[in-house]
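Enquirer: Sequence lines, in order, name chains R and P. Numbered according to UniProt numbering, the first sequence spans residues 1 to 158. Numbered according to UniProt numbering, the second sequence spans residues 1 to 158.
The reader is advised that the hints may include incorrect statements.
Where chains are identical, the list cannot tell them apart; a pair therefore holds if satisfied intra-copy or between any two copies.
To be verified - Straight-line distance between alpha carbons at most 30 Å, and here's what the computed DSBU-like set of lysine-lysine pairs gives: (1) 26 x 128; (2) 84 x 72; (3) 84 x 111; (4) 147 x 84; (5) 18 x 83; (6) 147 x 128.
It is worth saying that the hints were derived from the structure and are not from the lab.
Protein chains: 2
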Amino acid sequence: MENNTAISSDEQRYQVRKLEITDKNKGFMELLQQLTVCDSITDEEFQKRFEELQSYGDDHVICVIEDVHLSKIVATGSVFVEKKFIRNCGKVGHIEDVVVDSSVRGMKLGKKVAGFLVDHARLTGCYKVILDCSDDNKAFYERCGFKQKEIQMVKYFI
Amino acid sequence: MENNTAISSDEQRYQVRKLEITDKNKGFMELLQQLTVCDSITDEEFQKRFEELQSYGDDHVICVIEDVHLSKIVATGSVFVEKKFIRNCGKVGHIEDVVVDSSVRGMKLGKKVAGFLVDHARLTGCYKVILDCSDDNKAFYERCGFKQKEIQMVKYFI
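Next up, chain R with everything else stripped away, as it sits in the complex:
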């Protein structure tokens, strides 16, 4: 009984939804800084990129989890849908930029983000969803139903 209350309370507190333009004021960019190099950007730059991504509709979705007690974004991840000619004009979901705030790790919020993005890829008709990660994160994605397949190669310009 106590456990159920705790779960229900957590579900109310940590709300999973799509990115909204006001999330810049809820620490969205600061959260991304825990992932990689991410300088602060102006409100105008944020709005411009937000609108560019919105114009893709269901082909580019950013998931966030808000701690509604603190009005703070504590987890995020994105998925975009690539359209191909192979596989009978098939589509592939690409998951990118998944990060959970260090203060709430261990609460399965990462799994919720991954689940949201995987569901989105499935519902938009993708035949598979892929992502690149470090060896350290392999076990996490295996728990989310992923399997290792290929290797990622990169070429930096800057």
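Put chain P on the given structure of chain R with help from the hints.
Expert: Just chain P, lined up with the frame of chain R:
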């Protein structure tokens, strides 16, 4: 002198350019079948997907190499540009579906395709370009200037 003539002749014969809608009649889909599962599609399905991808402009480009003697597409690869919030609203190029016809392998056409796609990513302002490949193709992409970084995880829906 003979070598120079051979090189010049090859350059004239194997022309590198963007995909055109008439390439379906030049064996483009049959070439993709050498890469993976790729059923034949109708002209209407091809045109619809072609127009969808065209609507992305420079954010999704498919490179082909045509053997102009045979009017046959003998190599291809695609790149799409993902827009992010990280890295100061940075962009990342994703290379996909690179394949060279088995009859012309060893002529460095794959390297030409990769070079075209890398150049496109650089010119559209990407800070890096990435791709996933098998271990077998790692050495090829290293010759194209790539380095291994992460691992690719996949979840299939069908």
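Enquirer: Each hint needs a verdict: does it hold in this structure or not?
Expert: Evaluated hints:
no.	hint	verdict
1	26 x 128	between (32 Å within a copy, 29 Å between copies)
2	84 x 72	between (37 Å within a copy, 20 Å between copies)
3	84 x 111	both (28 Å within a copy, 21 Å between copies)
4	147 x 84	both (22 Å within a copy, 25 Å between copies)
5	18 x 83	both (22 Å within a copy, 17 Å between copies)
6	147 x 128	both (12 Å within a copy, 25 Å between copies)
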